[in-house]
Amino acid sequence: MSSSRHDEQDDRPEAVQQAEQGAQAWRAVVHAQGSATADHSDFYALAGHLVDTLAAVESLARLLAGQVARYADGQPAGRVVYDDSRTFDPAVRLHDAVLDLGHLADGAAVARGDADRFWSAISHIGVEDTHTSAGPDAGPTDDELSR
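Residues 91 to 237 in this note's numbering are what the sequence shown lists, from first letter to last.
Just so you know, the hints here were simulated from the structure itself, not pulled from any lab data. Positions of the beta carbon are idealized from the N, C-alpha and C atoms, including for glycine. One or more of the hints may lead you astray.
Stated by the list, open to error - Cβ pair distances, simulated, as ranges:
#1 168 / 129: 24 to 32 Å
#2 125 / 206: 46 to 54 Å
#3 107 / 164: 16 to 24 Å
#4 125 / 165: 46 to 54 Å
Whenever a hint applies, use it, and build me the whole structure from the sequences.
The following block contains the structure:
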């Protein structure tokens with residue numbers, strides 16, 4: 091969501107820059123896969139990256155929850171955290187944000203488990219040419235009978 095141009099210095103923190111690049115990359119993946127020919131080896135490769143990405147999302151949400159929980163107390167002397175509406179207690183707002191991050195982390199963990207099971211299931215899928223293979227129910231081949 092950066093409004094900076096490519097020829098300008100990006101002064102945002104590295105974590106924010108990396109998150110933007112990751113989000114852009116996943117949008118590009120969705121676009122590319124939408125026009126790709128379905129292939130089980132691609133499904134397998136993408137599943138592995140989904141598992142990795144969801145683990146990273148879970149880790150980031152848990153890390154942020156800890157940072158947000160300590161945010162108000164970590165301000166230097168003379169600085170206080172406020173809520174921009176000026177009608178809501180910022181401590182309550184931060185507490186709610188920590189709970190939301192916990193739910194996000196838990197949801198990412200559940201989604202990672204689903205992606206991992208998909209990854210495992212798709213690893214057992216293959217495609218064979220029916221003209222050169224007897225198939226799984228055809229019984230033993232002549233070579234197998236002679237052994």
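Query - Enumerated hints in conflict with the structure, sorted upward - result: 1 and 2
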